[in-house]
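Chains A and B, in that order, give the protein sequences.
Mapping the first sequence onto my numbering, position 359 (from 1) lands on 359, and the numbers just tick up by one.
Mapping the second sequence onto my numbering, position 81 (from 1) lands on 81, and the numbers just tick up by one.
The set of hints was computed from the structure by calculation and includes no laboratory data.
Treat the hints with care, since some could be wrong.
What the hints assert, rightly or not - Looking from chain B toward chain A, a few residues come up when the C-beta cut is under 10 angstroms (computed): (1) Asp7; (2) Tyr9; (3) Val38; (4) His42; (5) Trp47; (6) Glu49; (7) Tyr54; (8) Gly56; (9) Pro57; (10) Gln60; (11) Asn77; (12) Gly79; (13) Gly80; (14) Gln81; (15) Tyr96; (16) Leu134.
Note that CB positions come from ideal geometry on N, CA and C, so glycine has one too.
Spelled out, the chains give:
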Amino acid sequence: MATGKTLTVYLAADVSRFRRGMKDADDGVTIFGHSLKNVLGPALIGAGVAAGAFAAKLATDGVQAAMVEEAELAKLGTTLGNLGFGNQSEKVNRFIDDLQYSAAVTDSELRPAFDRLVRSTGSVTEAQSALELALDVSVGTGKSLEAVSNALGKAYDGNTGALGKLGAGIDAATLKSGDMNAINERLTLTFQGQSEAAANTASGGMKKLQIAADELIEAFGTGLVGAADSSSQAIDDAVESMRNLQPAAQNVGEEVSSTGQAWLKAADYFLLAVDAASSSKWGLATTLIFGSGDALEQAGKEARGLGKQFEYVQYAAYQAAASMNDAFAFGGAETGGTPTAAYNGMNSMNNMLARMRDRLKETKNAAGGGGGGGGGGLTQAIEKMNPKLRAQIDLVKDLTSELDKASEQLVNARKEMNDWIDSMAGQITSGIDLGAAYSAAFDEKGKSTGQSLIEGFNKQIQQAGIFGDYLKRLNSEGGP
Amino acid sequence: MAPKTFDTYVDGLDDILRAFRNLPKEASAELRQASQVVADKHMAPAWREAAINYAGPWGQVIADSVKVKKDRVPAVNIGGQRKKFSGGASPTMVRYLTDKGDRGRAGSQKRAPEAFRQGTDWISQVRQYQGGALQEWAKAVDQIIMKWSHL
C-alpha cells in the first residue's frame, strides 16, 4: 500500500495550472474562463485599484448570466405553456440541465433547440428524443445544433428538404416519404453515440468544466437579483448600476491614492527640511564659536539660506493647512471622520516655522553686525566672543529645541494622516458593498423591506461620487 | 512534493498574486490571514463533514486530519503520516483508498484490502462551498489591495 503524502486542496488556482494538470478534471473543479487580466493587473494596482473589481466582476457576470438564463427560461416556459405542457416545465428544465453536462453543450444552445423541436413534434417526450438525436447529428455532420434542430423541426412539419441538405446520408425515398420514424431510425443508425463520444474527449471535458463554471457564476447572479424583482427592467437597472459602480469606485481609489501621496510628500518634505536645518544649525553654531570676520560672514550666508529654507517650508505648510481647511469645510460631512489631529499638527507646525523664521532673521542681522577677532584656539575664540555672539549661540540652542518639537509634531501629524488614509480606504471598501444594498432590500424571511435594491446601489454610487469630487478638490488645491 | 488539487480555476489569478510583490509585505501577510479565515470558515468544515459522512469508518480520523494551511490562497491539508489506526495506518494511507478504492490502480497496488474495494467517492461530495468561499475571498483580496496600493 502506498503511503502517499498529505493532500493540499486550494480554493483557486490560475487557469494555466489547469492546462498543466488535466487530471484534476474528474473531481468537479470549475474554471472561471472570463479573463480578469483587464480588470486587475500590475499597472492598475500601481495606480490604485478599483474597489470591488475582483468581487464585482464575478457578481456582474453572474447577473448578466442570470438575466439571460431568465429570458431563455421564460421563452421556453411560454412555448410549453402555449402547447399545453406548462406543468412539465420543471421536468424539461431538469432534462436540459442534465443534458448540458452529459453532452457538453450549454443550456443556452439546448433551450432554443428544444423549443424548436417541441413546437413541431407536439410532444415533450418526442422532443427530448429528437434533441438527443439532433446532438448526435450535429456532432456527426459538423453542423450547428441550431441548424440540425431547425432541419429536424421542419421535417416533423413535413418539409424534409433542409434535412436532406445536412448531408446526413438519408436516401431520397425515405426523405420523400416524410416518415419520421424511418428518418429517425436512419439517423440513429448513422449518428448514434457521436455526442457521447465527443463529450468524453478532452475537449468535451473542458467544455463541461466551462459549463459548470458558467453555471456557478450564474448562481451568484441569481442569488443577487433573483429574489429582488422578476421584471427584466429591474435586472437591467441592477446590472447598469453595478457597472456604473466600478468606474466610480476606481475614481475614488485613485483620488485617495493621489491625495495620500501628495500629503505624505508634504510631510516628507517637512522632515527633510528639518533635517537639513538641523545639520545647518550646527554648522552655524560652530562657525559662531570659532568664527573670524570671514566665518561670521559665512555664518550670515548660512543663516540666510536657512531662513529661505524655512520660508519655503512655511509656505508649503500654509498651503497644505489652507487646502485642508477648505476641503474639510467642503466635504467634512461626507468623510465621516476628519484628520483633525493632522490638521492641527500641520497648523501648529506652520506657526512654529513662522516664529523660527523671524528669529533666524534676527540671528542673521545680529551675525552680520558682529564680527571681529582673528583665528586662534578654542579658548582664545571664546574669550574674544562678545555678548552678541554668545546670544547667537543661545539662540541656536533654542532653535534646536524648537526643531525637535517641530519634528515630533510632524511625526504625529504624519501618523494621523496615515490613519486617516487607512480609514478612508476602509470606509470606501466597506461603504461600497453591493451585498449590503441587497441585504437591506429584504428581511430575514426574504420579504421586501420596501427599500429598493436599485436605489441602494445608486445611493452607494452617489456616495462614491461625492468622495471622488471631494478628494479631487483636495488634490487640486493642496499639497506642495 | 505533496499532491495538490484545486477547486476552481480563475483566469488571471497568478497576475493578481504576482502584483502583490509591488505592495508592502504587510499586504501579503494580510492576504494570508484573510485566506486562512476563508479556509477555516468554508473549506475545513466542508471537508471534515464530507469525510465524516461519506468516508466510511475511516471518516472521523480523516476529518481530524483536515488542517487549514497558511497560504495566499485559501487551502487545507488533508492527511497525516502519524499512525492513527490500530493496524498502523495513517490518515494519508486511507485517504485515497476510501475515496477511489482500487479503481485506477494497476498491479500490486490494485490489491487493496477488501474494505476499500469500491471506494466511497467522498471527495466528490465536498465542492459545494466553492461559490461562497470564492466570493468572500475575492472581496478580501479587493480590500487588501485597496488598502495597501495607495501608500
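Structure-based check of each hint:
1. Hint status for B:Asp7: holds, given a least beta-carbon distance of 5 angstroms to chain A, under 10 angstroms.
2. With its C-beta approaching chain A no nearer than about 4 angstroms, B:Tyr9 sits inside the 10 angstroms limit, and its interface hint holds.
3. Interface restraint check: B:Val38 against chain A, minimum CB-CB distance 7 angstroms, threshold 10 angstroms, status holds.
4. A cut of 10 angstroms between beta carbons decides the hint on B:His42: the least distance to chain A is about 8 angstroms, and the hint holds.
5. Taken as an interface hint, B:Trp47 checks out: its beta carbon lies about 7 angstroms from the nearest beta carbon of chain A, inside 10 angstroms.
6. The restraint placing B:Glu49 at the interface with chain A is violated, with a minimum CB-CB distance near 14 angstroms, outside the 10 angstroms limit.
7. At a threshold of 10 angstroms, the smallest CB-CB gap from B:Tyr54 to chain A is about 14 angstroms, leaving the interface hint violated.
8. Because the closest C-beta pair between B:Gly56 and chain A is about 16 angstroms apart, greater than 10 angstroms, the hint is violated.
9. Hint on B:Pro57 is violated. Least Cβ distance to chain A is approximately 17 angstroms, over the 10 angstroms limit.
10. Nearest Cβ of chain A to the Cβ of B:Gln60: about 17 angstroms, over the 10 angstroms cut. The hint is violated.
11. Satisfaction of the interface hint for B:Asn77 is found here, the shortest Cβ-Cβ separation to chain A being roughly 5 angstroms, below the 10 angstroms cut-off.
12. About 4 angstroms separates the beta-carbon of B:Gly79 from the nearest beta-carbon of chain A, less than 10 angstroms, and the hint is met.
13. Checking B:Gly80 against chain A: minimum C-beta separation of about 6 angstroms stays under 10 angstroms; hint holds.
14. For B:Gln81, the shortest C-beta to C-beta distance to chain A is roughly 7 angstroms, which falls under 10 angstroms, so the interface hint holds.
15. Interface restraint check: B:Tyr96 against chain A, minimum CB-CB distance 6 angstroms, threshold 10 angstroms, status holds.
16. Hint status for B:Leu134: holds, given a least beta-carbon distance of 6 angstroms to chain A, under 10 angstroms.
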